[in-house]
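K.L.:
One-letter residues, chain by chain:
There are 2 protein chains.
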Amino acid sequence: MSISLGRYLFERIHQQPVGVGSVFGVPGDFNLTLLDKIDEVDGLSWKGNANELNAAYAADGYSRVKSGFTDGPGGFAALVTTFGVGELSALNGIAGAYAEHVGLLHIVGVPSISAQQKQLLLHHTLGNGDFTVFQKMSAQITQTSGFVKDGETGPDVIDRCIREAFINQRPTYLAFPANLVDEQVPLERLKQPLDLKVPPNDKESEEEVLERVLELISKAKDPIILIDACCARHDATKEAKELIDRTEFKYAITPMAKGARDISEDHPRFTGVYVGTLSYPDVKEAVESSDLVISLGAMLSDFNTGSFSYSYQTKNVIEFHSDYTKIRQAQYPGIRMKNVLRSLLDDPKFEDSFKHYQPSAVVKNPYKAEEPKNEIITQQWLWSKLSSWLREGDVIVTETGTSSFGIIQTKYPKNAIGISQVLWGSIGYSVGAAFGGVVAAEELDPNRRVILFVGDGSLQLTIQEISSMVRNKNNIYVFVLNNDGYTIERLIHGETAEYNDIQSWKHGQILDTFGAKEGEFESLKVSTPKELNNLFSDKQFAKNDKTRLIEIMLEKMDAPDNLVKQAQLSAKANSG
Amino acid sequence: MSISLGRYLFERIHQQPVGVGSVFGVPGDFNLTLLDKIDEVDGLSWKGNANELNAAYAADGYSRVKSGFTDGPGGFAALVTTFGVGELSALNGIAGAYAEHVGLLHIVGVPSISAQQKQLLLHHTLGNGDFTVFQKMSAQITQTSGFVKDGETGPDVIDRCIREAFINQRPTYLAFPANLVDEQVPLERLKQPLDLKVPPNDKESEEEVLERVLELISKAKDPIILIDACCARHDATKEAKELIDRTEFKYAITPMAKGARDISEDHPRFTGVYVGTLSYPDVKEAVESSDLVISLGAMLSDFNTGSFSYSYQTKNVIEFHSDYTKIRQAQYPGIRMKNVLRSLLDDPKFEDSFKHYQPSAVVKNPYKAEEPKNEIITQQWLWSKLSSWLREGDVIVTETGTSSFGIIQTKYPKNAIGISQVLWGSIGYSVGAAFGGVVAAEELDPNRRVILFVGDGSLQLTIQEISSMVRNKNNIYVFVLNNDGYTIERLIHGETAEYNDIQSWKHGQILDTFGAKEGEFESLKVSTPKELNNLFSDKQFAKNDKTRLIEIMLEKMDAPDNLVKQAQLSAKANSG
Chain A
1 MSISLGRYLF ERIHQQPVGV GSVFGVPGDF NLTLLDKIDE VDGLSWKGNA NELNAAYAAD
61 GYSRVKSGFT DGPGGFAALV TTFGVGELSA LNGIAGAYAE HVGLLHIVGV PSISAQQKQL
121 LLHHTLGNGD FTVFQKMSAQ ITQTSGFVKD GETGPDVIDR CIREAFINQR PTYLAFPANL
181 VDEQVPLERL KQPLDLKVPP NDKESEEEVL ERVLELISKA KDPIILIDAC CARHDATKEA
241 KELIDRTEFK YAITPMAKGA RDISEDHPRF TGVYVGTLSY PDVKEAVESS DLVISLGAML
301 SDFNTGSFSY SYQTKNVIEF HSDYTKIRQA QYPGIRMKNV LRSLLDDPKF EDSFKHYQPS
361 AVVKNPYKAE EPKNEIITQQ WLWSKLSSWL REGDVIVTET GTSSFGIIQT KYPKNAIGIS
421 QVLWGSIGYS VGAAFGGVVA AEELDPNRRV ILFVGDGSLQ LTIQEISSMV RNKNNIYVFV
481 LNNDGYTIER LIHGETAEYN DIQSWKHGQI LDTFGAKEGE FESLKVSTPK ELNNLFSDKQ
541 FAKNDKTRLI EIMLEKMDAP DNLVKQAQLS AKANSG
Chain B
1 MSISLGRYLF ERIHQQPVGV GSVFGVPGDF NLTLLDKIDE VDGLSWKGNA NELNAAYAAD
61 GYSRVKSGFT DGPGGFAALV TTFGVGELSA LNGIAGAYAE HVGLLHIVGV PSISAQQKQL
121 LLHHTLGNGD FTVFQKMSAQ ITQTSGFVKD GETGPDVIDR CIREAFINQR PTYLAFPANL
181 VDEQVPLERL KQPLDLKVPP NDKESEEEVL ERVLELISKA KDPIILIDAC CARHDATKEA
241 KELIDRTEFK YAITPMAKGA RDISEDHPRF TGVYVGTLSY PDVKEAVESS DLVISLGAML
301 SDFNTGSFSY SYQTKNVIEF HSDYTKIRQA QYPGIRMKNV LRSLLDDPKF EDSFKHYQPS
361 AVVKNPYKAE EPKNEIITQQ WLWSKLSSWL REGDVIVTET GTSSFGIIQT KYPKNAIGIS
421 QVLWGSIGYS VGAAFGGVVA AEELDPNRRV ILFVGDGSLQ LTIQEISSMV RNKNNIYVFV
481 LNNDGYTIER LIHGETAEYN DIQSWKHGQI LDTFGAKEGE FESLKVSTPK ELNNLFSDKQ
541 FAKNDKTRLI EIMLEKMDAP DNLVKQAQLS AKANSG
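So the protein lines, in turn, are chains A and B. The first sequence begins at 1 in full-length UniProt numbering and counts up one residue at a time. The second sequence begins at 1 in full-length UniProt numbering and counts up one residue at a time.
Worth double-checking, as some hints may not be accurate.
Unchecked claim - Computed cross-link-like contacts, DSBU-like style, restricted to lysine-lysine with a CA-CA straight-line distance of at most 30 Å:
#1 B/K506 to A/K517
#2 A/K37 to B/K219
#3 A/K118 to B/K572
#4 A/K37 to B/K565
What the hints assert, rightly or not - Simulated restraints on C-beta separations:
#5 B/R160 to A/Q313: 35 to 43 Å
#6 B/E555 to A/Q119: 31 to 39 Å
#7 B/D130 to A/E522: 43 to 51 Å
Honestly, the hints are just simulated from the structure, not real lab data. Quick reminder that beta carbons are idealized off the backbone N, C-alpha and C, glycines included.
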């Protein structure tokens, strides 16, 4: 009645409440025997990536989509790399998950314990006998790390790494020596599922928070609820929605909260997307004139705030975060958002606190732009036009650059899931994330469409993950915005500089070159507004039954208005 | 009479004795203004890569080729990335350069000093206000790091980072804030070229070393000189060759020393490639039966030694290293190889020490294999056949896997430069390194051919750098060995496992898809021994006047004999 330690790891990952169905990564000789164990777990499959950076991006995208679908404690994903070479290639992707609060487990197959003790000059080492150096590097960008040392303590190390990744929605690191894969573990351990609940808040501290929050609400005339990324990542959107529905306070979202679960852009109290000075003027006014700001899961990075241009008129700001609460200037460490919101909603005094409130008018839908009169597609029009093509439940992945800024001007349908790496902003991310995203979506509901928008520049960094989509016959839409180079960089600096140029590719041949099979793929090119209109009204095209790559031809310096403004702010900040 | 600090950096890199002609990297908003300065330096150009990992590989390949060409203190290259996202993507490549002793400078454009002081939540940060975390990560895999803080101390920081990279042949890290690019520096500083000489050895210690070395030589009947990678990296091959020519001692090389400058496989005293138990029996016997082993620049990793299977019969081993010397069991820290070899050769007692020596017979050339009788190309034959096609001065880049093992069985022509990442062994490396290598070769002597051998599996990790070759119209040969997946992994473990499969690509379309222009490229496919013979006797093909991709079809489990044996040793080590 025992199983191997390797299998234990994958059973834990697959078992509820974790519920992972696919593991990402790249094989390497220190992880091969570990990978054998994936197949032993019913319902778990291996999704090999073309390289490790893409594997990390894919795990990130998978985790985000899972948390967008499921009503659970948060997202989770796993990737497996090999010692040294493999794990270091993944670091940028892991750091992105750390910055943006994405739960995932980075499993690294490492040399056997005896090779480490003898300090052998193995391949994939620095040649100095130091086997701890890579773990030290990962420690800078992970919540915690664990090193499996033997069969006896291994399961505890594994459980801790999974739990910490989940609860904190951050990556964790697990080193698994090749020789310990077949150590035996009692099967019984699996009977006790992992407890993934966040720890309860300190009673006394939470009571003080509730008292002050209720008081501020009871005095406010026109509060605004501002929803940001961590509200979704830390599983507090249900509470946020209940807060909105019961109080009828108006609410705005940040760019990073677009497409968060339970947070609709169709709700009668929805006020728009707030990005400081880059907001639509009415939205800016609505947020900044409020006399109480209730902020949920804020992540106040430059690109998420119009270069820190928030400008509330009130000092009455309540910030709920994943692991602390702030009321005006008072901080309450350890008072976690999800728990304290639940307590607030359940508080007998809650209903009374807002009974005086008269729901104020909300901003009229600002998502519109005129169709260009000439033959050229503009980004300003493209993103607003897109609203009409999207449908309920779509998963929309946008690359840093014109796409992540443009999409702010698109109205998301009900239950949309939005994925964009606004804070970390690593170009190329979206391609790997879209692969992970479509794997997750196809596991949960193959009818939901996954739609990627990536520029021709960013695409070049991670192009090989398109091959993974072809290999897995993923029904996905890859929109390549061809504007002949790094447009976001050109806007910031060096409009005509050679370093912002890229090699022109024949995008129409990519799927075929990667071995896509007749009938399973479609490559399209769209150059005029009319062609785009036709495409978006084509019923065949709307059905996600193929791997599709659609190239959209755009002008070199064309960009959505908000990106043009952001670029000016960024250029100024760099020289300051 | 002043120049900008940004320009100062690039002038230093371009100026002799450093002599860099091309800078690699990827633009990002924190490095754009810095990149402007490259164009201001006469003779220096920007070679943008498709992603940062490839940029690091390219810099590594460039540095190796330069050191193979030039009679200077060692190789050097520079790459520029952007803060956080860019630099982390490059880490695996930087670590490889660290492990394998390759001199390069990693320049990172970082946010302005004021943004750092205010701990702003900028994009490309972890969102925690910590701007030092990435530098800490790089510190684990670099010789030293520098942070430019102001215009006054900036030039010293820059000079130190260049010098340390050069002298130690290791990567160094330089953080350059965006707002300091235009700080002014006295032009005069450039008049004093950098001193890149290694520090002199301690006199007393060196004298003791010489005394003991001369004594061991004078007593030896049949010494062997064993040349390894660090002999080339640390610029001691001239001394090594003089040692061989004057003493007429026989010499062997390791896999990592194949294609080292000045070290010919055509020399009358050349004995073969020594890889422990994986050596040809005659070579093994010749090395191991010697009564004095003079080892130059050893890097005793598993793949370089047949899994640590060296087995000398003598205890008389002298090891010269870049920064210490070891004689039998005595270590002499700080006694650097290049200096001590020079002193040995100049020692008045040197000639006397070996006058008793009677040159022993050397091993007959073992490079041969029979042409397969059927229609299938075997690796065993391919690599030996290749010897006849190579010509003087070729630069041969081989990927970890069947190529890096197979190439040991190829006879290198005079002045060949061999590039392979045997210790670090990151798959995909060879593609980026070949791009850097061909850029260096075209700078120095466009007649010299650059020839890449990469497997279809490894190619997928870094395919986009083929696009950089197309973009730069590099005249290169890319041989893609198509054996349908990760053959080296299959040999170690999981012969039929799904995780060792890859997506099949249409390799013949790659150059065209990446936008290669009619007449500037050629895509070929070779499936039989006859076709390969024809190709290798085609005079047009032999001329490096195009970007060429040649797919060679091979059997899934076919591999050179030495790799089959190595894989068995590796599998055993992993389970032990």
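K.L.:
For every hint, state whether the structure bears it out.
P.N.:
Verification of the hints:
1. Between the alpha carbons of B/K506 and A/K517 the distance comes to roughly 11 Å, so the proposed pair stays at or under 30 Å and holds.
2. Note on A/K37 and B/K219: the hinted pairing is violated, with a Cα-Cα distance of about 58 Å set against a maximum of 30 Å.
3. Distance restraint check for A/K118 and B/K572: the Cα-Cα separation of roughly 15 Å lies within the 30 Å cut-off, and the hinted pair is therefore satisfied.
4. Between A/K37 and B/K565 the CA atoms are separated by roughly 26 Å; this keeps the pair inside 30 Å, and the hint holds.
5. Checked against the given bound of 35 to 43 Å, the beta carbons of B/R160 and A/Q313, roughly 51 Å apart, lie outside it.
6. The supplied range of 31 to 39 Å is met by B/E555 and A/Q119, whose beta-carbon atoms lie about 38 Å from each other.
7. The supplied range of 43 to 51 Å is met by B/D130 and A/E522, whose beta-carbon atoms lie about 46 Å from each other.
Taken one by one, the earlier hints fail for this structure at numbers 2 and 5, listed in ascending order.
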